[in-house]
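Heads up: the sequence shown begins at 1 in this note's numbering, then just goes up one per residue.
These are calculated hints, taken from the structure and not from any lab test. By construction, the Cβ of each residue, glycine as well, lies at the ideal position given by its N, Cα and C atoms.
The calculated label-pair distances, taken between Cβ atoms and stated as ranges, are:
{"#": "1", "residue 1": "473", "residue 2": "636", "range": "45 to 55 Å"}
{"#": "2", "residue 1": "501", "residue 2": "617", "range": "34 to 44 Å"}
{"#": "3", "residue 1": "22", "residue 2": "181", "range": "47 to 57 Å"}
{"#": "4", "residue 1": "641", "residue 2": "513", "range": "30 to 40 Å"}
{"#": "5", "residue 1": "598", "residue 2": "179", "range": "11 to 21 Å"}
{"#": "6", "residue 1": "501", "residue 2": "598", "range": "43 to 53 Å"}
{"#": "7", "residue 1": "32", "residue 2": "516", "range": "46 to 56 Å"}
{"#": "8", "residue 1": "177", "residue 2": "673", "range": "24 to 34 Å"}
{"#": "9", "residue 1": "636", "residue 2": "663", "range": "17 to 27 Å"}
{"#": "10", "residue 1": "108", "residue 2": "516", "range": "52 to 62 Å"}
Below, a list of computed lysine to aspartate or glutamate pairs in the DMTMM-like style, where the Cα atoms sit at most 25 Å apart:
{"#": "11", "residue 1": "330", "residue 2": "205"}
{"#": "12", "residue 1": "193", "residue 2": "205"}
{"#": "13", "residue 1": "191", "residue 2": "201"}
{"#": "14", "residue 1": "193", "residue 2": "148"}
{"#": "15", "residue 1": "445", "residue 2": "340"}
{"#": "16", "residue 1": "591", "residue 2": "601"}
{"#": "17", "residue 1": "591", "residue 2": "577"}
{"#": "18", "residue 1": "445", "residue 2": "577"}
{"#": "19", "residue 1": "310", "residue 2": "201"}
{"#": "20", "residue 1": "191", "residue 2": "205"}
{"#": "21", "residue 1": "591", "residue 2": "177"}
{"#": "22", "residue 1": "504", "residue 2": "519"}
{"#": "23", "residue 1": "379", "residue 2": "240"}
{"#": "24", "residue 1": "379", "residue 2": "300"}
{"#": "25", "residue 1": "330", "residue 2": "300"}
{"#": "26", "residue 1": "504", "residue 2": "123"}
{"#": "27", "residue 1": "193", "residue 2": "359"}
{"#": "28", "residue 1": "191", "residue 2": "148"}
{"#": "29", "residue 1": "109", "residue 2": "148"}
{"#": "30", "residue 1": "379", "residue 2": "239"}
{"#": "31", "residue 1": "445", "residue 2": "586"}
{"#": "32", "residue 1": "191", "residue 2": "660"}
{"#": "33", "residue 1": "191", "residue 2": "641"}
{"#": "34", "residue 1": "591", "residue 2": "340"}
{"#": "35", "residue 1": "591", "residue 2": "178"}
{"#": "36", "residue 1": "330", "residue 2": "201"}
{"#": "37", "residue 1": "193", "residue 2": "157"}
{"#": "38", "residue 1": "379", "residue 2": "316"}
{"#": "39", "residue 1": "109", "residue 2": "239"}
{"#": "40", "residue 1": "193", "residue 2": "300"}
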Amino acid sequence: MSDIVPNSPVPRMLRTTSGALFSRFSLLLATVASTYLASYAFGHVVFGDDGNGVNPVTIALWLLFCVLFLWVAQGFWTATIGLLQMLRRSPNAVFKVKVETQPWMAPEKLPRTAILMPIYNEDSIRVFAGVEAIIRSIHAQGYTSAFDHYILSDTTDPTVWLEEETQLAAILDQFADEGVDVNIYYRRRHKNKARKSGNIEDFCERFGSAYNFMLTLDADSVMDGGTIVEMVHRASAQDDIGILQVPPQPVNRNSLFARCQQYAASVYGEVFNVGFGHWTHLDGNYYGHNALIRVQPFIDHCGLPLLPGKAPLGGEILSHDFVEAALIRKAGYKVQIAFDLDGSYEECPTTLVDYAIRDQRWCQGNMQHIRLVFTRGYKWMSRIHLGMGVMSYLASPLWLAFMLLGLMAVVIAGGTAADPYEPFGPFLIGITLFAVVMAMLLIPKFYAVCLVLQRPDVMRAHGGELQAVLGAMIEVGISILIAPLMMVYHTMFVINTLIGRTVKWNAQQRDESAVGWGDAARNHWRHTVGGIVSIAVIAWLAPSLFFWALPVLVGLVVSIPVSVMLSSVGVGTWLREHRLLMIPEEHDTPKVLRLHATALERTQAVADAVADQHPMDRVVRDPAFNRFHLAALASNREPFESTVNVAAALEQAAQDGLPELERPEQVAILSNPHALRRLHHAAWV
1 MSDIVPNSPV PRMLRTTSGA LFSRFSLLLA TVASTYLASY AFGHVVFGDD
51 GNGVNPVTIA LWLLFCVLFL WVAQGFWTAT IGLLQMLRRS PNAVFKVKVE
101 TQPWMAPEKL PRTAILMPIY NEDSIRVFAG VEAIIRSIHA QGYTSAFDHY
151 ILSDTTDPTV WLEEETQLAA ILDQFADEGV DVNIYYRRRH KNKARKSGNI
201 EDFCERFGSA YNFMLTLDAD SVMDGGTIVE MVHRASAQDD IGILQVPPQP
251 VNRNSLFARC QQYAASVYGE VFNVGFGHWT HLDGNYYGHN ALIRVQPFID
301 HCGLPLLPGK APLGGEILSH DFVEAALIRK AGYKVQIAFD LDGSYEECPT
351 TLVDYAIRDQ RWCQGNMQHI RLVFTRGYKW MSRIHLGMGV MSYLASPLWL
401 AFMLLGLMAV VIAGGTAADP YEPFGPFLIG ITLFAVVMAM LLIPKFYAVC
451 LVLQRPDVMR AHGGELQAVL GAMIEVGISI LIAPLMMVYH TMFVINTLIG
501 RTVKWNAQQR DESAVGWGDA ARNHWRHTVG GIVSIAVIAW LAPSLFFWAL
551 PVLVGLVVSI PVSVMLSSVG VGTWLREHRL LMIPEEHDTP KVLRLHATAL
601 ERTQAVADAV ADQHPMDRVV RDPAFNRFHL AALASNREPF ESTVNVAAAL
651 EQAAQDGLPE LERPEQVAIL SNPHALRRLH HAAWV
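From just these sequences and the hints, can you work out the full model?
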């Protein structure tokens with residue numbers, strides 16, 4: 001076993017490489033220059049040659065255009081940097097960017113690493129299948145002894161709590177029977193303070209001093225053992241790495257909407273990740289999971305403060321990952337994107353509504369970062385990351401405001417647009433600007449498809465030449481169709497956050513569930529009505545804008561059937577059978593995902609074997625499960641606090657059964673060893 005370093009020294013002054021500095025300068029120059037040229041041209045459109053069009057509406061319109069074009073331009077030039085980094089001297093020779101890897105050391109010399117799976121009312125079948133797949137993948141590499149595995153439960157539903165313990169007991173027995181010596185620990189907090197960040201903080205306080213590194217996962221994460229071992233080797237070879245993030249690839253979903261997300265991440269993600277990873281260099285970002293963290297600096301520097309004021313903009317920091325990355329950089333450690341590593345997987349929402357629900361939580365968290373952008377002490381690159389997180393949601397209401405102001409400007413001008421026949425006039429310039437913006441949004445996707453087509457193995461993994469191109473066309477078409485809907489969603493999320501409406505952070509919906517017509521109508525009738533009314537208003541007030549606005553408003557009008565179609569597993573499966581929207585993990589399934597599929601069968605069998613008995617009846621009647629639960633309680637030193645009258649609850653449970661009690665009473669008895677022993681004894685007497 002390697003020595004534990006109790007206090008990691010502050011690293012030496014870090015220097016950004018000349019290549020990264022050049023990329024940053026190029027990105028800044030290209031973004032600012034293109035924004036300047038576009039804003040100059042747009043000024044000619046809205047103000048006119050003689051300045052007669054200057055008024056508060058057109059000034060606001062021009063300012064919004066500058067901000068929004070800047071946002072589009074940085075994404076375009078980031079992808080362009082990624083493209084250039086992936087090209088050799090010959091434009092036809094493409095390679096996957098790699099960094100210098102470290103020789104692997106013996107398992108007993110590898111720094112101790114904890115693999116953390118924080119969960120909150122999750123499906124235990126999926127959670128423990130992921131844990132098992134990761135353990136088996138690491139075991140196949142011969143590094144089982146170098147890692148400890150922690151399931152950190154914040155579950156509040158007592159039934160789910162007992163289901164977690166059922167799966168835990170089964171996986172421990174499974175590995176014991178196979179002779180696999182692996183350390184798996186389970187801890188459930190009685191009080192889930194500060195959500196996921198508090199869960200990780202609690203681990204660090206209780207167990208963190210025993211480890212050099214921790215690998216943070218999400219409930220749907222799966223990571224290849226070779227990738228994990230490589231991450232630890234890289235971080236141990238550079239004592240100034242604070243966080244090493246491997247971008248996750250969405251997998252294992254079949255709805256049309258999910259397949260579009262998986263395809264986009266697989267095809268387009270590479271060029272953006274390479275570009276982003278190159279210009280950020282040691283100032284990368286943390287996505288909250290599938291990342292390796294140096295424990296002691298995290299303990300020393302990443303305690304999250306309470307923001308002044310009330311929620312949603314004040315109180316606990318919800319989107320903790322960006323802030324923790326900023327704090328690690330503030331302490332002098334690197335945050336790097338390992339864009340050359342694969343074997344990092346997650347699952348994505350399968351319906352438009354589930355995607356929006358997740359975005360609503362993230363929006364509230366990211367809006368808190370507005371004040372953090374200006375907090376003293378952060379690196380300027382960290383401020384950029386925080387600002388980009390804010391802008392990812394703020395862009396939607398800005399786009400909506402831009403379109404509304406454009407409508408107002410035309411109405412003020414008398415409902416007519418500029419003369420389309422005037423050479424180099426406002427109309428022609430406006431058309432050109434529209435084409436430029438669309439090109440800057442679509443060309444990075446063109447880059448990515450070309451890079452796929454240049455590599456025969458990658459092309460085959462995405463279905464083939466024709467299928468790869470058609471897949472991109474399908475994804476682009478669907479993205480255009482749902483963009484107005486997401487703009488409306490994000491606008492409402494931002495407004496609700498700014499006026500003080502909070503969002504409950506519940507467990508994420510991770511199952512494939514098709515949206516019925518009734519649910520779609522309930523979720524989207526307002527969007528449909530809004531689209532129809534908007535079309536009528538524009539046709540009445542500004543008919544010259546009718547065909548310009550139609551592509552935006554059509555997405556709202558057809559939102560109900562689109563939502564149903566996107567949630568369809570049948571459509572997604574048909575596309576997969578025809579090798580459309582295919583990703584490499586479907587063409588040649590990685591071993592860790594095959595292990596995950598096998599583990600899912602085992603964990604499902606475990607659940608099925610006890611499905612005829614309620615978990616609370618089992619913990620009362622089954623001696624082995626009762627002992628296991630009591631042992632888990634004994635290992636948790638956190639005091640349990642409750643206002644429940646345990647004696648009265650115990651009497652009612654003995655009479656009616658534990659499942660018939662209210663949730664607080666169930667939790668009180670399940671958290672009280674003496675009460676549970678009495679109930680177990682009474683069941684057998």
